[in-house]
Amino acid sequence: MDDIAEVHPELNIPGSVPNDVYSKVIGPDTHGIVRTLGKRATPSFVYGPVYKRAQAEKRDFDARVELEVQKASSAMKIEMAEKLAEAQKEIEAMDKKLSEAKEEAKEDKKQWRENYRKQK
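For what it's worth, our numbering labels the leading residue of the sequence shown as 1, then goes sequentially.
Treat the hints with care, since some could be wrong.
[To be verified] Cut-off 27 Å, straight-line C-alpha distance, at most; resulting in silico cross-link-like pairs (BS3-like, lysine-lysine):
no.	residue 1	residue 2
1	K89	K102
2	K109	K97
3	K89	K106
4	K89	K77
5	K96	K106
[Claimed, not checked] Simulated restraints, written as ranges between beta carbons of each label pair:
no.	residue 1	residue 2	range
6	K109	E79	57 to 65 Å
7	K96	F61	48 to 56 Å
8	K77	Y116	53 to 61 Å
9	R117	I78	56 to 64 Å
10	E79	E114	39 to 47 Å
11	A54	I91	40 to 48 Å
12	A93	A56	53 to 61 Å
13	E68	E90	28 to 36 Å
14	K109	A87	42 to 50 Å
15	A56	D95	55 to 63 Å
16	A75	R53	26 to 34 Å
17	V69	K97	38 to 46 Å
It is worth saying that the hints were derived from the structure and are not from the lab.
Heads up, the beta-carbon is just placed ideally off N, CA and C, and yes, glycines get one too.
Please construct the entire structure, taking both the sequences and the accompanying hints into account.
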């Protein structure tokens, strides 16, 4: 490993970089394993409750987001139902006005005919 570091100084970067000296000698890092500690050293084993706590916090956050989405969705459904009911009332009122206008037109037509016949 030291020989590679001397020959290729650009690869001598500390940390988990895909092209560093350690990766060239040992191979690329695998998922769920902490570098240089072996196959049994998982992030939750090494970092302990912090790693698990972060996962729990993410689950809690996701649950809160889901709850907020459900609340917003319910509020929107209620609002849309109210608007639909209001629109239906307006339609009924317009239908009633239209019926009244038709009746009035019939009466006017009847009056006009009677007046026309009287003039003859």
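Quick rundown of the hints versus the structure:
Distance restraint check for K89 and K102: the Cα-Cα separation of roughly 20 Å lies within the 27 Å cut-off, and the hinted pair is therefore satisfied. Between the alpha carbons of K109 and K97 the distance comes to roughly 18 Å, so the proposed pair stays at or under 27 Å and holds. Simply put, K89 and K106 have alpha-carbon atoms about 26 Å apart, close enough for the 27 Å limit, and the pair holds. Taking the CA atoms of K89 and K77, the gap is about 18 Å. The hint holds against a cut of 27 Å.
The hinted pair formed by K96 and K106 meets the criterion: a straight-line CA distance of about 15 Å does not exceed 27 Å. Range check, K109 to E79: about 45 Å between beta-carbon atoms, so the 57 to 65 Å window is missed. Here the CB-CB span from K96 to F61 is close to 53 Å, well matched to the stated 48 to 56 Å. Remark: the range hint 53 to 61 Å for K77 to Y116 is upheld by a beta-carbon distance near 57 Å.
The supplied range of 56 to 64 Å is met by R117 and I78, whose beta-carbon atoms lie about 59 Å from each other. Remark: the range hint 39 to 47 Å for E79 to E114 is contradicted by a beta-carbon distance near 53 Å. The hinted window of 40 to 48 Å between A54 and I91 is violated, with their beta carbons roughly 54 Å apart. Between A93 and A56 the CB atoms are about 56 Å apart, so this pair conforms to the stated range of 53 to 61 Å.
At about 33 Å, the beta-carbon gap between E68 and E90 stays in the expected band of 28 to 36 Å. Checking the proposed 42 to 50 Å range against K109 and A87 shows it is violated: the Cβ atoms sit about 32 Å from each other. Roughly 58 Å separates the CB atoms of A56 and D95, a value that falls within the hinted 55 to 63 Å. Between A75 and R53 the beta carbons are some 32 Å apart, a value that agrees with the proposed interval 26 to 34 Å.
Between V69 and K97, the C-beta spacing of about 42 Å keeps the proposed range 38 to 46 Å intact.
In terms of the numbered hints stated before, the structure departs from hints 6, 10, 11, 14, listed from lowest to highest.
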